[in-house]
Amino acid sequence: MRTNKYTVRIDKEACIGCGVCNELAPKIFTSDNEMKSELRQDAEIDEKLLLKAAEECASGAIVIIDNETGEQLWPKND
Amino acid sequence: MLTHYKYLIIGSGIAGTTAADAIRQHDKKGTLAILGNEPHRLYSRIVLSKPEFYEKSGAPNTLFLKDLGWYPRNGIDLLCGETVIGLDVGDNRISLASGKIIGYEKLLLSIGVQPNPLPDLEPAEARNILYLHNLDQANTILENIRGRETVLVVGGGFIAIELCDLLTKLDKKVISVISSPRYWRSTFDETSSRFIKDALTRNGITIHTDSFIMQTKGKSKIEAAIIRNKQTGEETTVPCTTVIAAIGTHCALDWVKEAGIDCNIGILTDERLKTNVPNIWAAGDCAEYFDLISGRHIKLANWTNSRAHGKIAGVNMIGESSSYRKTTFYSTEKLGLAISFVGDTSRLGKDKRTISRGSYESHAYAELRVRGGRIIGATMINMANELSSIVSLIENEIPMGKHLKEIRDPHFDLKSLLTHENK
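Same order as they appear, the protein sequences are chains A and B. The first sequence stops at residue 149 when you use our numbering, and every number in between is there. The second sequence stops at residue 480 when you use our numbering, and every number in between is there.
Chain B extracted, bound-state conformation (with noise of 0.2 Å):
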């Protein structure tokens, strides 16, 4: 039987459900589901890689966002463990794994991001391998280091980060292993890099660079691991008795694909988050949305962003026509340092270039992104105190001309370019 629903929404986490709240806000009538693959209401995945959550045994009452009545009481169907394998775009409706078909009148594409997995290893040695995205994998990481002490973690960038953070925290021994020869190396520069190899050295973390997992040893669970220098192509074997991989994340997009809907790396949306196709829009970490500030399309995967997208997407649905403008930031306080990332972060593009503030000596340090003369963007290691500051230059688009060189200076105060005359 065909179940239909005015406004249905595949994907119940930040986004998905920020976008059911919106909509409830106008419409309390119109049928909305919500459709999820995890069996869990709305729950925080910043608390995930909190201490609490595994001294808590999984249960900090900080975890669920959404008591479980709140979806009855708002005339919301939670269809949770459902896994989306076809959209039809002529017809409005989405076929299940389960066999189930539902129909929308208007849908929403919040499907999150996947972690991708660990290459070079054999099926049986990948099994025993961890990740941290979701919570059930967080309580498999939970059961997996209870009375286990030493952890390898894989990779060199966020979440990478935060776990060497959180098994510090949780008194593990912990071993980063990284690819590339310094970490973040996408978005940081060689002296941001710096701090974070000298945060994790500080803590007690053993560093291995240039490096990768050539082999796990231990059948059910993991006893050692051959690391791989790709340098010196030396190889170290290391005892761990849990791996723990965190090499970036990317969008499962194969069935929004084959409905025709436009995607590159993410699902492809103009400044409303609407897609090419009628009726669909998109929000959250699977959105790569035209972007007014930077005037280019970008994919943000943070749980601020997450969350505007879901509002914004969520009044589009119901009729209005409104559009994404906002500078999302992420701050958060890892291994002794505040490291913040504002706008757009990334180093790529020949009209981009980066601005340095501040120094390793310092002990404070931002890269601006510059591009047109305006700043679009920063990461920012122990200078949060700035944070607002850029956040309003960039929204203001402001434009540097004759500061470029004066807001190297870390004394040169910001705010200064914020007169009423620039704004």
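In isolation and in its complexed conformation, chain A is listed as follows (with noise of 0.2 Å):
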């Protein structure tokens, strides 16, 4: 999914379906068919519920990257 500031996707591999993103941004994600993590079709980006979800997922599953610098903000890579 993409926004005007941000690309966001799902790494369903490595997402457990544990739903702290789903409690912490419920206009952002939603649950597929296997209980994994989803971006909603009509989210609401709220950039810092955005941002706390990534942070607080255990498995490290939410990918952000800054549309403007490329740079992949959640995972870091350094």
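Any given hint might turn out to be false.
[Said to hold, decoys possible] DSSO-like, lysine-lysine: derived pairs with alpha carbons at most 27 Å apart:
| no. | chain 1 | residue 1 | chain 2 | residue 2 |
| --- | --- | --- | --- | --- |
| 1 | B | K86 | B | K331 |
| 2 | B | K368 | A | K123 |
| 3 | A | K98 | B | K368 |
| 4 | B | K254 | B | K230 |
| 5 | B | K314 | B | K368 |
| 6 | A | K98 | B | K472 |
| 7 | B | K254 | A | K83 |
| 8 | B | K123 | A | K98 |
| 9 | A | K123 | B | K123 |
| 10 | A | K83 | B | K383 |
| 11 | A | K83 | B | K113 |
| 12 | A | K123 | B | K383 |
| 13 | A | K76 | B | K123 |
[What the hints assert, rightly or not] Now the in silico label distances, taken between C-beta atoms and shown as ranges:
| no. | chain 1 | residue 1 | chain 2 | residue 2 | range |
| --- | --- | --- | --- | --- | --- |
| 14 | A | M72 | B | A309 | 43 to 53 Å |
| 15 | B | E328 | A | Q143 | 36 to 46 Å |
| 16 | A | T101 | B | D327 | 28 to 38 Å |
These are calculated hints, taken from the structure and not from any lab test. From a predicted model like this one, the values you see are computed outputs, not experimental measurements. We put the CB at the ideal spot given by N, CA and C, even for glycine.
Fit the two chains together into the complex; they arrive one by one in their own frames, and the hints show the way.
As structure tokens, then:
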């Protein structure tokens, strides 16, 4: 999913379906048939909540890329 | 001097930290402490079995789930590296190995579990055996496997399979030793076990079933392990540089039992996660809670369950009366297999039976646990796309009725059972 500022995707292989993202940001995340995280088609991106969900994801499954710089903001590559 | 907290949480893992978070959503002022025996703030145990942890020298930025400032910002005292040695439920206080005494008004026990030690070894040999349960142990493994090529993994359950997958991805030669004739025997039937065995073989892992380690060779570092086959009595010397054991876990409950808290294999609670002692709750891997769905006490040890427990225990500690009614599940993709567990996965229970869905030949297989004509749990291999349907069937207590035979057929759509009238 691409917003003005970020490109966001879910690493499905990494996701364990714990639901923390859905709980923190229900307007951004939902669950698929495998109970894994999925971005809502009609997601309302609140950047603060998006970053919080990514940082609290125990499996590092929420990948956020800065559109302007191309830098992967989360998980950081350093 | 006695320190006193309104809320005291023993255990700094996901259950305890989530409980603290839940308490703070409702009570911003009550004094609150999280006490942990590890010297760390909340970290992800899931990351410990991922290659990134080892490739990034034990410090991937996904490791810690709370920054250090989160605790003071929320008025939470994080007391690290403390070991509880006693609990006095009459005076509402705990004693620590450091000599401190801490009083509480409300107490949460989220003390987790410990890995079972490998038996039959001399103390000098046992010291060289590694475990993957916490961050310090993961760091020890990291140091130990660096520059070494052959790792022997003992155990045939979840952590052992994760280790085999991890070490293979890290280009180590892996040898798997299990004491039973097949993998994950306590949970899987023969077909499910076969998926695991064949996946291990496909990934180049050498397998020794029905075997155990009699002895290790090497003093400060392991050079080989002597393995004995229980069926044939044959002894084999297997050169290896590291031995990691993953043969299950147990709850260390001595001081909990001594305090008069009812325990079985875990700390017994009701569906609200409350123990038999007023103002004491239990949550996470250590809690053997009354499960409203299966109608019995169960104990689960997985991240999702612990997190959900923490939330319920936290709100109940501030005075609510919430019941835990959740079908927890855990999915993992290891060795090229998508493995899922949902609800009550145990094969044990006189009134319970297993219905197989799919087959080894079709590369997708589930064991559906059924009781009283309802699905109460399942193990699934390469069937993760049916996880949400099975969760709904369990949570809505849908009677299978005449469909009990049909659900064996993987082409039978489980969603069709979730009709309006069934819900």
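These are the hints, each one checked on the structure:
no. : hint                         : verdict
1   : B:K86 to B:K331              : holds (23 Å)
2   : B:K368 to A:K123             : holds (18 Å)
3   : A:K98 to B:K368              : holds (20 Å)
4   : B:K254 to B:K230             : holds (16 Å)
5   : B:K314 to B:K368             : holds (25 Å)
6   : A:K98 to B:K472              : holds (25 Å)
7   : B:K254 to A:K83              : holds (24 Å)
8   : B:K123 to A:K98              : holds (23 Å)
9   : A:K123 to B:K123             : holds (10 Å)
10  : A:K83 to B:K383              : holds (23 Å)
11  : A:K83 to B:K113              : holds (21 Å)
12  : A:K123 to B:K383             : holds (25 Å)
13  : A:K76 to B:K123              : holds (25 Å)
14  : A:M72 to B:A309: 43 to 53 Å  : holds (45 Å)
15  : B:E328 to A:Q143: 36 to 46 Å : holds (43 Å)
16  : A:T101 to B:D327: 28 to 38 Å : holds (32 Å)
Hint compliance for this structure: no hint is broken.
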